[in-house]
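Colleague: Chains as they are written, first to last, in our numbering: chain A, 1024 to 1107; chain B, 953 to 1379.
FYI, nobody ran anything at the bench for these hints, they're computed from the structure. For glycine and all other residues, C-beta sits at the position ideal for the given N, C-alpha and C. Accuracy of the hints is not assured; some may be wrong.
With a Cα cut of at most 30 Å, we get these calculated DSBU-like pairs of lysine-lysine [what the hints assert, rightly or not]:
| # | chain 1 | residue 1 | chain 2 | residue 2 |
| --- | --- | --- | --- | --- |
| 1 | B | K1187 | B | K1019 |
| 2 | B | K1329 | A | K1101 |
| 3 | A | K1101 | B | K1330 |
| 4 | B | K1305 | A | K1040 |
| 5 | B | K1187 | B | K1343 |
| 6 | A | K1040 | B | K1330 |
| 7 | B | K1039 | B | K1309 |
| 8 | B | K994 | B | K1119 |
| 9 | B | K1015 | B | K1351 |
From the derived model, a few chain A residues whose C-beta atoms are all more than 10 Å from chain B [what the hints assert, rightly or not]:
| # | residue |
| --- | --- |
| 10 | P1043 |
| 11 | H1050 |
| 12 | F1095 |
These are the residues of each chain, in order.
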Amino acid sequence: MPTVEQRVKEVTARVLKLNPEDIKIEHDFMSDLGAESVQSIELMAMFEEEFGIEMDEDAALSVETIGGAIEFITMVCKEQGVDV
Amino acid sequence: MRMILYDGPSEKRANFHPLSLSRPIWELRCGMTTLAEKLIAKIGATDVACFVEAYMADSYRAKTQMKVNDPAILAGDDLLIVNGRVKAAGFGVTPTGSSEVGVTDDGEVLYARIAAADLAKLKTGGIEELLASAKAALPTVTPELATWNYTWDLVLANPEQLTEDFKVAGRSGIEGKVEQPNAIRGSDKDVFIGSGAVIHPMVVIDAENGPVYLDEDVEVHPFTRIEGPCYVGRKSILLGAKCREGNSIGPVCRIGGEVEESIIQGYSNKYHDGFLGHAYVGEWVNLGALTTNSDLKNDYSDVSVMLDGRRPIDTGSTKVGSLIGDHTKTAIGTLLNTGSYVGAMALIMPTGKPLPKFIPSFAWFLDGVVTKGFGRKKLYETAAIAMGRRKCEWTEVEKNMWEKIFEMTAPGRDEAIRRGRRRMSRS
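Take these sequences, add in the hints, and give me the full structure.
Modeller: See the structure below:
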C-alpha cells in the first residue's frame, strides 16, 4: 500500500499537473508548486476523496507545505479512524 | 382584535427558498410593499404579532416591531390568525365575528378567526397546537382565497401590483430635487419623487405605461431611464441603469445595467452592466460586473425551476429569471441559466457558459463544480464586511440562524459536492 507521503504527492501532482517525482516534502504549495487559491480548494477536496476523510476547511487551508499536509492528513486519519 | 401572522407549514415555505430561508414569507416584496404590509393594511389591524420558524425567531425579532413566537399573545383577545401566503387583495374575511377556521382541501389553515371566549377550549401553548385544536373544535370552511405559492408568483404579479400599490399610496409630485435637463414622460400624476431624492441631469422617467415611485433619499445618476411601473426604495442609487418596466427595488441598493420585471429585496448591489430579468434577488447580494441572467428560453417553452436540486417544477410561464438567496456573490461575467436557483451565502465564479440551474446554499462554485471552498467562516466574515459597509451589524444571532440554514441545506449541497468531486477526479 502506498504511504501517506506517496499518496499526497500523487494527488498534488494530479491537481497541479506536475510530475510526482519533482515534488519534495519541503515544497510550499503556493510559492514552490504554483498552486492558486482555487487549486487549494481542489487539493483539499481531492485529499478528502483520496483518504476518505472530512477536513476542517480553516485548518486544512492553513497547511502550507507537502510535509505539513502529510502530517495534518495523518492526524485527521487517526482522529477519524481511517487506516493509512 | 389581534392579528397574528403565521408563516405556513415548512413544506409550503420551501417553495419560496432560497428567499424564505432567512425570513418569513410575508417579508417578501411584491409591488411597493411587503406581503405583510399588504395584509395588515387590508385587515386594518393595529395590534399585530407573528409566529415564525423557531430557527429564525431571534433574528426576526431584531428586525421587526411585532411580537415574535410569544405564546402569551394567543390569549386575552379575539384573534385573527392569517397564513402569510394568503393574497391580501382577495382577503374578505371580517376581522371579528364568530369563530371560524378557513382550511384548504389539503388541510392547510389559511386563516382562523377565534373569538376570545372560544380560546378557553383550545390549546394555546403554541401556534401549531392552537391551529390543530381550532381545526378540530371550531367550525371550518373551505375558503375561496388565493395564495402565493412560489417566489416567481411574486415576480410575475409585480407590474400589476406596482400599479395597484401606487394608487393605494395616493402620492404624486416632486418632493425631492430634479436637476435639469430631465425628461418626465406621461402624466405628472403618475410620478412621485420623495423628499431627499436627487435626480441628476439626463435622466428619463417614463410613466407613460405605469407609475414611478422613487422613495426618500433615492439618487438617480445621469443616463438612467426608468420605465413605469417601478418602485425604488429609500436610499437606493441607480447608476446609469436601463430600468425597464415592472421593477421593485428595495432600500439601500446600488443598481446599474439593465433590469426588467425584477424584485430586489434590499441592501444588494448590481452596480455594473449586465441583464437581470424576471428575477428575485435577496439581501446583501452582490452581482459582479456583466452578471447576466436568461429569463426566456430559445424555444419559448415554459421555464422550469429546481427548488431542491432534483425535481424541476414547471412555472407555467415563459419568463422566469433567477432566484438568488441572501449574501450570495457572483464574480464578473457570470451567466445564469433561465429559471436558475442560486442558494443563499453562495459564491459563484463563472465558467464562460450558463451555469447549472441549481446551485445550493453555502456553495463555492468554482471551475464549474460545487465545492466546500474556504468554508462558511469565510462567508460569514464577508457578510460582516458587506453589512458593515452599510452601517448594519452581523450579529451572533444572525450567525446562529445561518448555522441552522447551513444544516438545513446540507443534503442538496453535499450531493452537489459529491458530483463535483467525481468530475474533478475525472479531469
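Colleague: Hint numbers the structure violates, sorted upward?
Modeller: none
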